[in-house]
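Trainee: Here is what each chain is made of, one letter per residue.
2 protein chains.
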Amino acid sequence: MIGNLIGPEIKELIHSRNFTALREVVSDFSPADIAELITDLHDEDQAVVFRLLPHGLATDVMEYLDADAQQLVLKAMGREDAARILNDMSADDRTALLEELPGSAVAQLLTLLSPEERAVAQALLNYPEGSVGRLMTPDFIAVRANWTIGEVLGYIRSHGSDSETLNVIYVTDEQGRLIDSVRIREFLLRPLETRVEDIHDSGFIALAATEEAGVAVERFKKYDRNSLPVIDFEGKLLGIVTVDDMLDVQEEEATEDIQKMGGMEVLDEPYMEVPLLGMVRKRAPWLVVLFLGEMLTTVALSQYEHEIQKAALLAMFMPLIISSGGNSGSQASTLIIRAMALGEVHLRNWWEVIHRELFSGVLLGGILGLVGFCWIEGSSLFSSIYGPHHFLLALTVAFALLGVVLWGTLTGSMLPMILRRCGLDPAASSAPFVATLVDVTGLVLYFSLAVFFLKGTVL
Amino acid sequence: MIGNLIGPEIKELIHSRNFTALREVVSDFSPADIAELITDLHDEDQAVVFRLLPHGLATDVMEYLDADAQQLVLKAMGREDAARILNDMSADDRTALLEELPGSAVAQLLTLLSPEERAVAQALLNYPEGSVGRLMTPDFIAVRANWTIGEVLGYIRSHGSDSETLNVIYVTDEQGRLIDSVRIREFLLRPLETRVEDIHDSGFIALAATEEAGVAVERFKKYDRNSLPVIDFEGKLLGIVTVDDMLDVQEEEATEDIQKMGGMEVLDEPYMEVPLLGMVRKRAPWLVVLFLGEMLTTVALSQYEHEIQKAALLAMFMPLIISSGGNSGSQASTLIIRAMALGEVHLRNWWEVIHRELFSGVLLGGILGLVGFCWIEGSSLFSSIYGPHHFLLALTVAFALLGVVLWGTLTGSMLPMILRRCGLDPAASSAPFVATLVDVTGLVLYFSLAVFFLKGTVL
Numbered sequence: 001m002i003g004n005l006i007g008p009e010i011k012e013l014i015h016s017r018n019f020t021a022l023r024e025v026v027s028d029f030s031p032a033d034i035a036e037l038i039t040d041l042h043d044e045d046q047a048v049v050f051r052l053l054p055h056g057l058a059t060d061v062m063e064y065l066d067a068d069a070q071q072l073v074l075k076a077m078g079r080e081d082a083a084r085i086l087n088d089m090s091a092d093d094r095t096a097l098l099e100e101l102p103g104s105a106v107a108q109l110l111t112l113l114s115p116e117e118r119a120v121a122q123a124l125l126n127y128p129e130g131s132v133g134r135l136m137t138p139d140f141i142a143v144r145a146n147w148t149i150g151e152v153l154g155y156i157r158s159h160g161s162d163s164e165t166l167n168v169i170y171v172t173d174e175q176g177r178l179i180d181s182v183r184i185r186e187f188l189l190r191p192l193e194t195r196v197e198d199i200h201d202s203g204f205i206a207l208a209a210t211e212e213a214g215v216a217v218e219r220f221k222k223y224d225r226n227s228l229p230v231i232d233f234e235g236k237l238l239g240i241v242t243v244d245d246m247l248d249v250q251e252e253e254a255t256e257d258i259q260k261m262g263g264m265e266v267l268d269e270p271y272m273e274v275p276l277l278g279m280v281r282k283r284a285p286w287l288v289v290l291f292l293g294e295m296l297t298t299v300a301l302s303q304y305e306h307e308i309q310k311a312a313l314l315a316m317f318m319p320l321i322i323s324s325g326g327n328s329g330s331q332a333s334t335l336i337i338r339a340m341a342l343g344e345v346h347l348r349n350w351w352e353v354i355h356r357e358l359f360s361g362v363l364l365g366g367i368l369g370l371v372g373f374c375w376i377e378g379s380s381l382f383s384s385i386y387g388p389h390h391f392l393l394a395l396t397v398a399f400a401l402l403g404v405v406l407w408g409t410l411t412g413s414m415l416p417m418i419l420r421r422c423g424l425d426p427a428a429s430s431a432p433f434v435a436t437l438v439d440v441t442g443l444v445l446y447f448s449l450a451v452f453f454l455k456g457t458v459l
Numbered sequence: 001m002i003g004n005l006i007g008p009e010i011k012e013l014i015h016s017r018n019f020t021a022l023r024e025v026v027s028d029f030s031p032a033d034i035a036e037l038i039t040d041l042h043d044e045d046q047a048v049v050f051r052l053l054p055h056g057l058a059t060d061v062m063e064y065l066d067a068d069a070q071q072l073v074l075k076a077m078g079r080e081d082a083a084r085i086l087n088d089m090s091a092d093d094r095t096a097l098l099e100e101l102p103g104s105a106v107a108q109l110l111t112l113l114s115p116e117e118r119a120v121a122q123a124l125l126n127y128p129e130g131s132v133g134r135l136m137t138p139d140f141i142a143v144r145a146n147w148t149i150g151e152v153l154g155y156i157r158s159h160g161s162d163s164e165t166l167n168v169i170y171v172t173d174e175q176g177r178l179i180d181s182v183r184i185r186e187f188l189l190r191p192l193e194t195r196v197e198d199i200h201d202s203g204f205i206a207l208a209a210t211e212e213a214g215v216a217v218e219r220f221k222k223y224d225r226n227s228l229p230v231i232d233f234e235g236k237l238l239g240i241v242t243v244d245d246m247l248d249v250q251e252e253e254a255t256e257d258i259q260k261m262g263g264m265e266v267l268d269e270p271y272m273e274v275p276l277l278g279m280v281r282k283r284a285p286w287l288v289v290l291f292l293g294e295m296l297t298t299v300a301l302s303q304y305e306h307e308i309q310k311a312a313l314l315a316m317f318m319p320l321i322i323s324s325g326g327n328s329g330s331q332a333s334t335l336i337i338r339a340m341a342l343g344e345v346h347l348r349n350w351w352e353v354i355h356r357e358l359f360s361g362v363l364l365g366g367i368l369g370l371v372g373f374c375w376i377e378g379s380s381l382f383s384s385i386y387g388p389h390h391f392l393l394a395l396t397v398a399f400a401l402l403g404v405v406l407w408g409t410l411t412g413s414m415l416p417m418i419l420r421r422c423g424l425d426p427a428a429s430s431a432p433f434v435a436t437l438v439d440v441t442g443l444v445l446y447f448s449l450a451v452f453f454l455k456g457t458v459l
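Respectively, the protein sequence lines represent chains L and X.
For the record, in the first sequence the residue sitting at position 29 is 29 according to this note's numbering, with numbers rising by one throughout.
For the record, in the second sequence the residue sitting at position 34 is 34 according to this note's numbering, with numbers rising by one throughout.
Keep in mind the hints are simulated off the structure, nothing from the lab.
Mixed in with the good hints, there may be bad ones.
[What the hints assert, rightly or not] List time: in silico EDC-like cross-link candidates among lysine to aspartate or glutamate, alpha-carbon distance up to 20 angstroms: (1) L:K222 with L:D244; (2) X:K11 with X:E24; (3) X:K222 with L:E252; (4) X:K222 with X:E234; (5) L:K455 with L:E307; (6) L:K282 with L:E305; (7) L:K75 with L:E100; (8) X:K221 with L:E251; (9) X:K221 with L:D66; (10) X:K222 with L:D248; (11) X:K455 with X:E305; (12) X:K221 with L:E344; (13) L:K221 with X:D224; (14) L:K282 with X:E344; (15) L:K11 with L:D43; (16) L:K221 with X:E253; (17) X:K75 with X:E24; (18) L:K221 with X:D93; (19) X:K222 with L:E174; (20) L:K222 with X:E63; (21) X:K221 with X:D248; (22) L:K221 with X:D248; (23) L:K222 with X:E251; (24) L:K282 with L:D244; (25) X:K282 with L:E344; (26) X:K236 with X:E211; (27) L:K221 with L:E344; (28) L:K222 with X:E252; (29) X:K282 with L:E352; (30) X:K222 with L:D93; (31) X:K222 with X:E212; (32) L:K221 with L:E252; (33) L:K236 with L:E174.
Given these sequences and hints, build the entire structure.
Mentor: Next comes the structure, spelled out in structure tokens:
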């Protein structure tokens with residue numbers, strides 16, 4: 001925000017190489033604003049501005065930079081500066097930086113770390129990608145149950161400066177196993193001589209380091225916490241995860257679902273940063289699969305070539321009918337995929353979903369059928385565009401619409417559930433995928449109805 | 001989680017009306033777990049279990065219940081109990097409860113509140129729906145700049161118990177204007193005689209009460225905060241917003257975008273809770289609009305009735321061609337809508353987007369065109385299904401695919417930007433909407449190419 005306003009002025013200072021003024025202007029901003037400003041600069045200017053920052057601020061700014069800028073800035077830095085910053089970064093932000101780099105670069109950067117920090121970094125990178133362990137920071141305050149609040153506050157004052165958050169204090173036993181998590185407010189609101197064991201918080205909720213990050217989001221949402229402890233299979237406290245990282249995880253998960261629902265593979269990178277050919281590689285496979293599926297329509301239609309030749313009029317309504325099926329299927333699959341992602345609909349609800357979608361499908365199909373019927377009959381009052389048998393044509397179109405919308409609705413709602421049942425991702429049942437499935441059956445239904453209603457007249 | 005495991009046992013206790021055992025079992029859980037458990041019960045049992053909770057716990061559980069359960073439980077409570085719980089609830093959770101109720105019920109419940117709490121509740125409800133003000137709680141700790149840390153900690157100990165969070169302490173002047181926000185760690189890590197004014201945090205970031213909640217999410221994400229202060233236009237500190245509410249706001253925004261992108265109106269309620277007719281009302285309008293748009297294809301096709309009659313073969317490829325245009329448009333619009341929502345693509349990037357999509361469109365269209373060409377020519381090696389002029393037909397289909405995919409890609413990527421430019425919601429340029437636009441032009445292109453290539457042979 002501030003970055004956008006001040007951008008031109010900064011750029012002026014960079015061009016005129018007025019580093020003293022630049023340092024002064026920049027130092028008034030918060031780390032997040034400086035990071036935004038640097039990200040907005042040209043690649044070659046990013047390191048220039050970054051190098052002006054005093055050391056403590058540089059580390060903070062580094063944590064807010066995006067992956068591309070981090071790498072640029074790191075490359076432009078001397079070994080010593082890079083080592084200092086990497087050692088000082090909080091462990092979770094450092095993991096996020098390292099996991100974007102190729103293995104060889106990671107190995108090189110790890111040698112810059114102090115032995116302790118290297119052990120921490122390697123341990124975190126050992127957790128699978130997308131797991132809670134990767135988001136964790138091992139900097140927390142752990143106290144013993146028999147300490148007094150006064151002792152705890154004294155301990156925090158001497159040991160707390162490295163801790164990622166002081167909002168929650170963890171109580172562990174001699175083996176390092178987590179026995180309780182106590183919010184700092186519980187300490188601040190009680191007399192100093194109270195013992196930790198006498199404070200009863202609402203018990204602790206913990207995450208396992210190997211759990212998926214998405215599970216952590218659910219846990220944070222349910223319990224309204226700002227941070228949660230992470231434990232191993234023995235109950236030992238390994239680190240903490242903070243809620244600000246959850247906003248990013250949640251956003252990324254929604255983006256992945258949305259892209260899959262749009263009928264493509266997940267991009268993994270921001271739109272503008274995906275290389276042109278990489279973009280095509282993410283989109284082409286699904287387009288080709290859908291294309292091959294849609295090929296079935298030509299096979300189906302070849303059965304009705306004779307009917308189309310006799311009554312070309314019938315071909316005119318094909319796009320209308322199949323797109324109505326596709327649209328109703330798109331609505332249904334979107335609703336169910338999202339409802340399942342939010343935990344509003346579970347597999348065990350399938351019967352209720354069918355019930356709902358059957359009702360919706362009949363009503364929606366009925367509405368579209370009626371509109372189609374009125375359109376054809378209405379037009380026939382003024383013109384002969386639909387021929388002498390317009391009433392039978394109108395009936396064919398109306399019933400085809402009813403059927404295809406109902407079928408689209410049911411297919412769209414059931415496909416995500418079937419995919420989930422098979423252990424696949426429901427979001428893969430994208431609108432285009434459902435539409436392709438519905439197109440073939442929709443056309444067969446339409447022409448079967450046409451033969452039924454129009455045999456002996458136009459056919 | 002715990003709720004699911006313990007469910008059957010609890011239900012057994014409810015049925016046997018063993019309230020003593022029930023109270024004992026329930027009191028071991030955290031408020032969030034009890035809330036989940038109550039939500040899972042039948043309507044008539046929800047109030048039964050809720051009434052067993054001791055008062056303090058009941059308020060906590062109330063804050064975790066969903067809107068439906070809250071209303072059920074409130075209705076089943078006596079005036080006095082309801083008054084006690086409403087007065088004790090934190091202001092932001094109470095606002096969330098009240099805003100789900102009809103006006104008359106709100107008026108009634110407001111009379112149950114103490115004069116102070118009523119003033120607070122009314123003030124919060126006065127902010128527009130979806131604004132930061134509605135998410136705010138006025139319970140915070142504000143101190144003066146000339147206090148020492150010892151004084152601050154003493155003040156917290158005596159006044160802090162109502163505060164929603166003690167993680168950040170706010171510094172205000174005599175007029176109540178916010179001058180700084182200081183994280184509690186800054187107080188805990190320094191000697192007790194340090195003055196507040198000597199602590200330099202990284203300055204404060206604030207929200208305006210009238211800003212949209214979505215803006216707040218961006219701010220939280222950028223600055224990685226757990227809570228942010230909310231100020232009025234004079235800079236007066238009104239309350240705070242905490243990050244756990246942001247997870248809900250972000251999730252809701254993604255759901256709204258996804259539902260719009262699926263070609264319908266936003267549901268506003270969980271899928272399973274929307275009444276059947278309400279569901280149809282959210283879906284029918286867009287289906288009808290898309291249907292009327294798709295009507296244009298019949299108009300366009302009526303221009304080519306003569307060609308279809310002469311070469312019914314041409315009709316067979318119609319679904320294939322229009323669906324390819326629709327699918328590529330769906331990919332492009334999905335990508336751009338999401339990228340704009342994430343702030344990765346801005347209106348000023350339109351030229352770059354066109355450049356990227358032009359490239360993608362030509363390549364994707366080329367791939368599909370090639371597949372289509374090979375299919376027709378390949379089949380013609382073994383069969384005469386595509387007639388003697390199969391080569392010209394293959395060329396027609398291939399070029400139509402190239403054109404329609406390119407056109408779909410460009411339409412899909414530009415439509416969201418045009419909508420944004422007009423002040424409309426980009427997410428309304430749903431896949432079905434783009435497909436409908438592309439269908440008409442795609443068919444015209446296809447038949448124009450057919451006339452060009454096949455005139456004098458089959459046409």
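Trainee: Checking each numbered hint in turn, tell me which of them this model violates, lowest number first.
Mentor: 4, 6, 12, 17, 19 and 24
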